[in-house]
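Chemist: In order, the protein sequence lines correspond to chains X and B.
Going letter by letter, the first sequence gives residues 0 to 481 in numbering that gives the first Met the number 0.
Going letter by letter, the second sequence gives residues 0 to 313 in numbering that gives the first Met the number 0.
What the hints contain is simulated information worked out from the structure, not anything from laboratory work.
In this text, a Cβ means the ideal position worked out from N, Cα and C, and glycines have one as well.
Wrong hints could be hidden among the right ones.
Cross-link-like lysine-lysine pairs, in silico, DSSO-like; alpha carbons within 27 Å at most [what the hints assert, rightly or not]: (1) Lys85(X) - Lys39(X); (2) Lys366(X) - Lys408(X); (3) Lys447(X) - Lys114(X); (4) Lys141(B) - Lys408(X); (5) Lys64(B) - Lys137(X); (6) Lys64(B) - Lys447(X); (7) Lys241(X) - Lys408(X); (8) Lys114(X) - Lys311(B); (9) Lys312(X) - Lys114(X); (10) Lys424(X) - Lys22(B); (11) Lys75(B) - Lys141(B); (12) Lys366(X) - Lys114(X); (13) Lys424(X) - Lys312(X); (14) Lys19(B) - Lys64(B); (15) Lys64(B) - Lys75(B).
Just some of the chain B residues that point at chain X, by a computed CB distance under 10 Å [unchecked claim]: (16) Val53; (17) Gly82; (18) Asp209.
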Amino acid sequence: MPTFEYAPAPESRAVVDIASSYGLFINGEFTDSQGGGTFKTISPATEEVLAEVTEASAEDVDRAVAAARTAYTRVWSRMSGADRGKYLFRIARILQERAREFAVLESLDNGKPIKESRDVDVPTAAAHFFYHAGWADKLDYAGLGPDPRPHGVVGQVIPWNFPLLMLAWKIAPALATGNTVVLKPAETTPLTALLFAQVCQQADLPAGVVNIITGAGPTGQALVGHEDVDKVAFTGSTGVGKAIARTIAGTRKKATLELGGKAANIVFDDAPLDQAVEGIVNGIFFNQGHVCCAGSRLLVQESIADQVEARLKRRLETLRVGDPLDKNTDVGAINSRAQLDRITELSEAGEAEGATRWSPECELPSKGFWFRPTVFTGVSQTHRIAQEEIFGPVLSVLTFRTPGEAVAKANNTPYGLSAGIWTEKGSRILWMADQLRAGVVWANTFNKFDPTSPFGGYKESGYGREGGRHGLAAYVTTGDAT
Amino acid sequence: MSTSTSARRAPAAGRVDVRKTYKLYIGGAFPRSESGRSYEVYAAPRGSRGSTPVFLANVAKGSRKDARNAVAAARKAVGGWSGATAYNRGQVLYRIAEVMESRRSTFVEDVRIGEGLTPARAEAVVSAAIDRWVWYAGWADKFAQVTSTVNPVAGPFFNISAPEPTGVVALLAPQESSLLGLVSVVAPAIVTGNTCVVLPSRQRPLPAVDLAEALATSDVPGGVVNIVTCHTAEVAPWLASHRDVNAIDLTGTAGVEDLAWGELELAAAESVTRVLRPAGRGPAAVEEDFTAEPGTARMQAFVETKTVWHPKGL
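Here chain B stands alone, though its shape is the one from the complex (with noise of 0.2 Å):
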């Protein structure tokens, strides 16, 4: 059913155009998969007729070796990222949002072919995407402010709380918004001092592999975000059930077949990791509307708490 037919503008008359490898993003560097694998990627079919589905491209599909290579590349980047002050890492998610708007243009095309939308609207999510960075940019040097606590206790004691980033934590990046909903998972990670690892839309990961080139070509440091294409319903469950992952967001479970959410929160519970259920009643997982101003409740998903005490006194 493939067709070699690109979805890409054309190029310029007679010249063939160069197109790209989409390869993983795991500790700053762009490697194959080890399994040596890739899946196609076709473009979001248009219209009501069944037309012939467009290939676009031989994407990396990350296997669970991959996934686990992530995740120690996420934990060295931990003391890094986590220790990095709160205006740095402000800074660093601006920049992002710098180089996505100097690469607007391959984001444009990216959704409008992958999600299937119009050029007006594709040029409406990538602002939103960019517009969500500079947001959580915003949010890096002011989130302990609102969520600390001075507490007065019944002895003399000086005696704060503060949240922590909480780790690794492993996204499962929604399927259907694959650029604006994927800035609006990893963003509110990373942006309190986590590292992630990052299952994207599998049927559109075109996005997800240019933001890594915004990454690698930003400030933000290797390791702070991996990014393992894949069929998620695969790979997930290695990150559901692994050691070193200390939380686990489920988002991207939403629209999968053969990946029922409760049993990665089953495998998860091996080590109290914790666990950010998708939108939805009961068992039934539902992508939730990206477009909405996000809330706080995804960046306190990913911290803990922590409680200083020390005595007052001459």
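Next comes chain X alone, as it looks inside the complex (with noise of 0.2 Å):
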């Protein structure tokens, strides 16, 4: 068979203007910083430095949130909820005329593949705006409770894998049910935070109703802490989220957490294979793997378990790992330097305690973080590589014989988060999707998203669900709550 090879076809960066340093958003406008420090954030794909921004002080931190809740007491919630979901409609409609302006500054930023930021993340954070503006003034018929009203000021902490997107399920939920937000960003991932901030004052949305503060740790525990911040939400990793129940245990602040997870993702005998295998590497090489739902372990029936490992290896042959602004890269960079450490640390471990390593034959860029789509294969329950999160391009592939092994195996985890069921058999479908203890459960697909479907997980890997009905939950206190 000939093969064809690919020439270059990298999206154009001249969509985008970014500034050689950005400050704070806070009550409308870009602020200089009091007393912060400033960081860069690098192009993880190149690591070339793309600006300059500002790490916020408690000082900082306070000013966020005194514009957030003067503009709830002042302004936002006297809205009517229909005029606070025109707001939101703006915005949505901005994020979908600036789409490519924003898929292409993520790209930059976070290294993920261009078709994913422009495919996924982009219309997805648009239509998370979209469906929440007609929330905003028909939260009587949510079946809530009696009365529900906004909690009053939202502090949120969002991790790097999704930024715009996560800013999206944080931000549009918290408007649409009247509250105000500090939000503050990822540090390695900033940029489509501050450019959301041009979209909201596009939007004239009233100043102070979305403050925008950038920082690492300290700027994050300063807002999660901060006394008058009402309710907590946070993505990000298990260990940062017991840090903040900690810190809110004895308050009378609400929270929602979105963890860790270490998604099971299990395939049957009788499976469709092929799109099992494609559901299979789109599990885990989606994003690179940065996904807390990503399927990391495969639980194969033992009976097929050659016939798949062969498939998923051809098809991991086609991957296409690269420059994040091409259109046909699959695969892009590792968000950070700390985060190649990490899977790089993770696989050493799979290989020192046994299991088996293999990756497919894949140039990788001189500059910048790279790491091969690998697959550890003969992993057993009790390796790291099976029971810690890598959150990286990392496989691990278990077997079993019974649908009640793959349960045990499956649930055998401090997370909960999600799981994949890959079986022509509906009524095992339906067993297996109610023995699962994993807030999402795909089966025969994986990976999907949408602002109608409630996201989250149980056990370790978080309370509180976001999307859908049960997200505007997290976000109101109603007349019978206790």
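Mind assembling these two chains? They're in different frames, but the hints should get you there.
Modeler: Below you can see the structure in the form of structure tokens.
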């Protein structure tokens, strides 16, 4: 069979105008820090410095929370739901209008392939605002309880894996329900959040309703621990999630935590194998595996394990790893050196503990942070690569014989975010879906997201849901709340 | 300060009544505390004059290990109880109301003496407690209906979200409202399919032990409700930090000295345990009014939402 070489197909950077430095977006305008420092955000694909960003100090957090409080009491909590909704519709439209700009900027700052930022992150973010816009004047019909009311000021801390999309997941429901927001994007991916601040300006969103403060862990801690924050919403690691839960313990602050995962993707011997292999690949190599719900444990029925392994490897040989802005790229750059180090360390532990490591042949760029798509076979449940969240393009393959064994292995983790089932048998899908202790179960599909579909975990994957009618509940208090 | 005068109704003239041993209720059995300990329980003081406390019973004083045994029993019961049909759970809860009704006089005596109520008030409290089981029994096969959604996702997928029990729930039952409050925290936890470990009112534990007997003679499977009478402040921290407890209700921290609910929430954070905080403002914990219609908040507190996707196609 003849092989065809791909010509480079880079998306143009010209659509994006990155400033050399950014202030903090507080009370509707970009302001300088009071006593905070600066840090640089780089392109993980090239290590090129993209911009200098402000590290918000505790005083800056104070100012942002005060702005959000004023906007809440004077403007946003008094505005009709219909008008709040119109602002959210505006934001959704502006995100659509500037979609390419956001996609390119996201791929530059995060390292993810342009086809993902273009086709998933940005359109889903816009959809999230559009969906929640419509809720703003219909909360009485949402079945949340009598008299749903906003909490007040919400402090939100989001991760670097889907920077704009996680911003949308956080801000859209908060605003729709009448809360105001102080949001901190991750320190390695602040740029789309700062561009979103411009969207708020273009939408004429009242000053202080959305405040964006950049910084690292200390800034996030100052925000979460701030006395005048009524509710905290966090997406990120289970370790930080536990620290946040400790911080707010004994206060009356509400919280939703969307934490880590170690999802089992379970393939039965009657599964449609071509689709299952696509689902396995999508499950763990989508977004370089930087996905909390990634299908990082493949549980394959023993009778088809060899066949699935062979098909999987053949498929992985075709994955294109490289320039995130190239439209043909399947797997982009690892987001940071620190994350690359963690993936490397855990993969070495996998080898050291006796699992068999395999990666397809592929050339990696000389600069930037890269990791080959990697499959471990012969993994046992006690291996670290079967227990710990790697958050990278690394798949651990385990086998099972019976559905009961598959359930036991799938649930044998402190996490409980997501799971996958591949079988043609309907009754088995429903039985398995019942047994799996996970907040999202994908049957004969994987890694699907939608604004109408609640997302969130069991056990140490966190609590609260985001999206859908259930997601609204986290942002209101009702008449019958205890 | 103890006295052996029984506060219970006088037995028939000349008869020496047979008194009950108040034990724990774990896994459907009635063990004594493994620690061999017990503590004295007195009647609530009546009137304003400082009368001598009236001794009621030596109640088993549960320990950390009893609590751990109770968690193990609760965990073992999760599969069967959460897997039972909602219709079945509803009938089992209704059956508890039936059995309580037939033991009504015992409960009336319990709350009359334990809470210091008038006979009429005690009757009303027991009626409300029985009716609460009936109310929650009716929720068993409706809660999922009013909290589930079919999600119209933008693609060819079937997508639903429905509640599931979170698992093992530790319940610190109210200190004041020893029967109505107790039923009001246990019923919403188990109706959705959770199993529970209950620390009842420390000073008024007798209704809880009598409720255990009602549960044992209803159709509630062993292990679904486990009751550990104890000093709340001693045992609660072990439940809050227990890795196999999925959720904890801190209602019963109200009125307990040396037990800050914030400390328990702090311990629970270590395993991302779900926490239902006590009513009140700031660090103050206040026991809520259990006579009002409960609403769904307590059921909501102990369920997870599971979303299932499947493609549609030919």
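Chemist: Of all the hints given earlier, name the ones this structure violates by number, lowest first.
Modeler: 1, 2, 4, 5, 6, 10, 16, 18
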